[in-house]
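Could you slot chain B onto chain A? The hints should help.
In order, the protein sequences belong to chains A and B.
Start counting the first sequence at 561; every next residue gets the next number (the numbering used here).
Start counting the second sequence at -9; every next residue gets the next number (the numbering used here).
No wet-lab data here; the hints were simulated from the structure.
It cannot be assumed that every hint is accurate.
Claimed, not checked - Rough simulated footprint, nothing fancy, chain B against chain A, three-plus residues with beta-carbon under 8 Å:
| id | stretch |
| --- | --- |
| 1 | 700 to 711 |
| 2 | 828 to 835 |
Claimed, not checked - Only some residues are given here: those of chain B computed to face chain A with a beta carbon under 7 Å:
| id | residue |
| --- | --- |
| 3 | Y5 |
| 4 | T72 |
| 5 | R75 |
| 6 | R76 |
| 7 | F81 |
| 8 | H87 |
| 9 | L92 |
| 10 | P101 |
| 11 | R103 |
| 12 | L104 |
Please read all numbers here as calculations on a predicted model, not as lab measurements.
Heads up, the beta-carbon is just placed ideally off N, CA and C, and yes, glycines get one too.
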Amino acid sequence: MFTLALRSLRHRATAMTATFVAILLGTAVMGSFTPLIQVALDPGTPSAEQETLLVLGGVVGAWGTVIALFSVVSTVGITVRQREVEIGLLRTVGAEPRQVRALVRAETLVVALVAAVLGALVASLTSRALLELLQSGGVVGEQVVHSGGGVALAATVVLLLVVSLAAAGLAGSRASRGPATVAPSEGRAGSGRIAWWRWAVALVAVGQTATMVAMTMATGKDAANPYDAMAMTGSLGLLLAVGLAALAPLLLRAGSWLLRPLLVGTSGHLAAYNTSRRSHLLAGVLAPVMVLSAAAVSILMLVGIDERTLPAGLSPELTEEFETINLLNNVVTAMICAFAAIMVVNAFAAVLADRRLELHRLRLLGATPGQVRGSVLAEAGIVAAVGAVVGLLAAQATIVPFAYVRGEGVVPDAQLWLPPLLLAGAVALTLASAVGATSRALRATSDAR
Amino acid sequence: MTTPALEVVGLTRIYGTGAAAVPALNGLDLACAPGTFTAVMGPSGSGKSTFLTCAGALEQPTEGRVLIAGQDVTELSEARRTRMRRERIGFVFQGFHLLPYLTAEQNVALPLRLAGRRIDAAARRRIRELLDRVGLGDRAGHLPTQLSGGQQQRVAIARALVTGPDIVLADEPTGALDSHTAASVLALLRSLVHELGATVVMVTHDPVAAAYADSVVFLVDGRAVGRMENPVAEAVAGQMAHLDELTARTEREMV
Chain A
561 MFTLALRSLR HRATAMTATF VAILLGTAVM GSFTPLIQVA LDPGTPSAEQ
611 ETLLVLGGVV GAWGTVIALF SVVSTVGITV RQREVEIGLL RTVGAEPRQV
661 RALVRAETLV VALVAAVLGA LVASLTSRAL LELLQSGGVV GEQVVHSGGG
711 VALAATVVLL LVVSLAAAGL AGSRASRGPA TVAPSEGRAG SGRIAWWRWA
761 VALVAVGQTA TMVAMTMATG KDAANPYDAM AMTGSLGLLL AVGLAALAPL
811 LLRAGSWLLR PLLVGTSGHL AAYNTSRRSH LLAGVLAPVM VLSAAAVSIL
861 MLVGIDERTL PAGLSPELTE EFETINLLNN VVTAMICAFA AIMVVNAFAA
911 VLADRRLELH RLRLLGATPG QVRGSVLAEA GIVAAVGAVV GLLAAQATIV
961 PFAYVRGEGV VPDAQLWLPP LLLAGAVALT LASAVGATSR ALRATSDAR
Chain B
-9 MTTPALEVVG LTRIYGTGAA AVPALNGLDL ACAPGTFTAV MGPSGSGKST
41 FLTCAGALEQ PTEGRVLIAG QDVTELSEAR RTRMRRERIG FVFQGFHLLP
91 YLTAEQNVAL PLRLAGRRID AAARRRIREL LDRVGLGDRA GHLPTQLSGG
141 QQQRVAIARA LVTGPDIVLA DEPTGALDSH TAASVLALLR SLVHELGATV
191 VMVTHDPVAA AYADSVVFLV DGRAVGRMEN PVAEAVAGQM AHLDELTART
241 EREMV
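With the rest of the complex left out, here is chain A:
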């Protein structure tokens, strides 16, 4: 199986690029922060700096882990789904489901190993740069020495490998379920039911968000530390967005239905039906667009409100804490946005690589390249619109309670121009990645002929 996996990898070098990039970046980002924990635990590190380093390494590292894992799981899933026909073929010539899963795992392991090790090399440099940055910013004292963080980096690599294998196992078992057939299942209707666990994830996230919002608004104003409210609300927008992302196929169908009147012409007609009847495909793109929008809007608005409303005359300790916290906020936002952006591009590339035959078919039937591009662009427009709107709504879970507790009322006092700007960025990114992916797919179809 392993030799087969290596051969198969050589044949699909480009298809595996997405997985490779996701794992490489995941390791690099996580590995930039996890060595800080190791530095903190170093006997030579002053105990005053320990807490800052632990918080930085722990909080950002944990967020990074969640995001990196999310992106690795979704990318591996998409990569495997692209190969349903080939997996069907393997099964018809006698591969057992167990062997198919082993093949998928072996392939992913090879890619993940190379990507994670390279990512760790990158991280060994960036984590030093990060410590220097923190020291020059005065967040961490100059006497702290970077110990190399070998153990932390190794742990990061192992963690990413384990997650990649788990993702591959999940995707492989989904791909090898059901009877063996070479018939491409591209037509598998997307209007099917939403799996129970998606409802569960969404319900838990919505419930948790609602509870936290209510608690913050009830008690936050009386809290002694002005950062308690921030700690409680900071991640709610993201939490809600991730929860709602579990329902992405449903949201896409609803959005496509609402936007139907705007979808005119042949391209719009095709896009409307593709988004509603095969929502499971484009849901993989919608989820990161939602997360990207929600993260960027909620955290940047939070920082803005905080800077406007921070009580004057705080103790020097609190002021230092203030610096660290806002640095953290900005780093986390940048990281989440970078990841979500890469996932949007990745997911679109994967979805369209999957649809080359279908686009070719449209061309055979007499569609001009412009019509094909137009229909994909219209689909991207639907995804972008739904993602931006849902992301903006999810961000309110952070903005509303925080603005209320800090005395700005339910709507923040300033910076209302920021959300539209950020959302426009998310929409532009979605459309641009669709255009890029379509050009590649169309070029590939004309080569295929």
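Quick look at chain B alone, frame taken from chain A:
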């Protein structure tokens, strides 16, 4: 004499250059009168598929002309050829090539939409009639996954006819079907030719399928080497065996 629905003259298509040049078509001449059903047969590598892609204006020939109802398509720009393809040529493929997220009715309507025509009441009626004609009047709202292979191919045939094309090109249309379903799809194609006056050119390697046509043209090495009118399966199979023998002998001589 009436203008042929499809005429190819001296059609030549060479892949590669220099020593690696392989002629897939080598001066093929062929004409199909309107309202006829022609089968094109030949051993593997005889140029059947290349003929279809050139005749369908998908690919430019190296030399020679392709005339659809008297109009030379090899002189047209890519954009004009695309327009030509969707308005005057209908395609039926071995793999059906339906769009998975459109219903049968929407799939049939697609060429009209791509051509920028409005789907008005008249168009809707025409689509319904075609679906009735191929025996799927009650399946108009079904998605391809909810249809059997034979039914999907019937939808594809209705789609090929919806623009009222000068010529329908079918590439192994029954290759993916069982023999019983294949027979009914071939009978349908034949009746569309005789009752609606459609012109069909079908590439196949199956003598039984070819026997449904009015005439069979045999290709060998990119050239037409024979023609059989009112074919019966046994005679076609005999001729094919003979052609296989011929090619085998030429190959032996070349070695």
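Hint-by-hint comparison with the structure:
1. Here the stretch 700 to 711 of chain A counts 0 residues with a CB under 8 Å from a CB of chain B, which misses the bar of 3, and the coverage is violated.
2. Counting residues of the stretch 828 to 835 of chain A whose beta-carbon sits less than 8 Å from any beta-carbon of chain B gives 4, enough to reach three: the coverage restraint holds.
3. Proximity of Y5/B to chain A is violated relative to the hint, the smallest CB-CB distance being about 12 Å (cut-off 7 Å).
4. Evaluation of the T72/B hint against chain A yields a held restraint, the C-beta minimum of about 5 Å falling below 7 Å.
5. Given hint, R75/B at the interface with chain A, holds; its Cβ is 5 Å from that chain's nearest Cβ, closer than 7 Å.
6. Hint status for R76/B: holds, given a least beta-carbon distance of 2 Å to chain A, under 7 Å.
7. At a threshold of 7 Å, the smallest CB-CB gap from F81/B to chain A is about 6 Å, leaving the interface hint in force.
8. At a threshold of 7 Å, the smallest CB-CB gap from H87/B to chain A is about 5 Å, leaving the interface hint in force.
9. The interface hint given for L92/B holds, since its Cβ lies 6 Å from the closest Cβ of chain A, which is under the 7 Å cut-off.
10. With 7 Å as the threshold, the beta carbon of P101/B comes within range of chain A, its nearest partner Cβ sitting at about 6 Å, so the hint holds.
11. Taken as an interface hint, R103/B checks out: its beta carbon lies about 4 Å from the nearest beta carbon of chain A, inside 7 Å.
12. A distance limit of 7 Å between C-beta atoms decides the matter here; for L104/B the minimum to chain A is near 5 Å, and the interface restraint holds.
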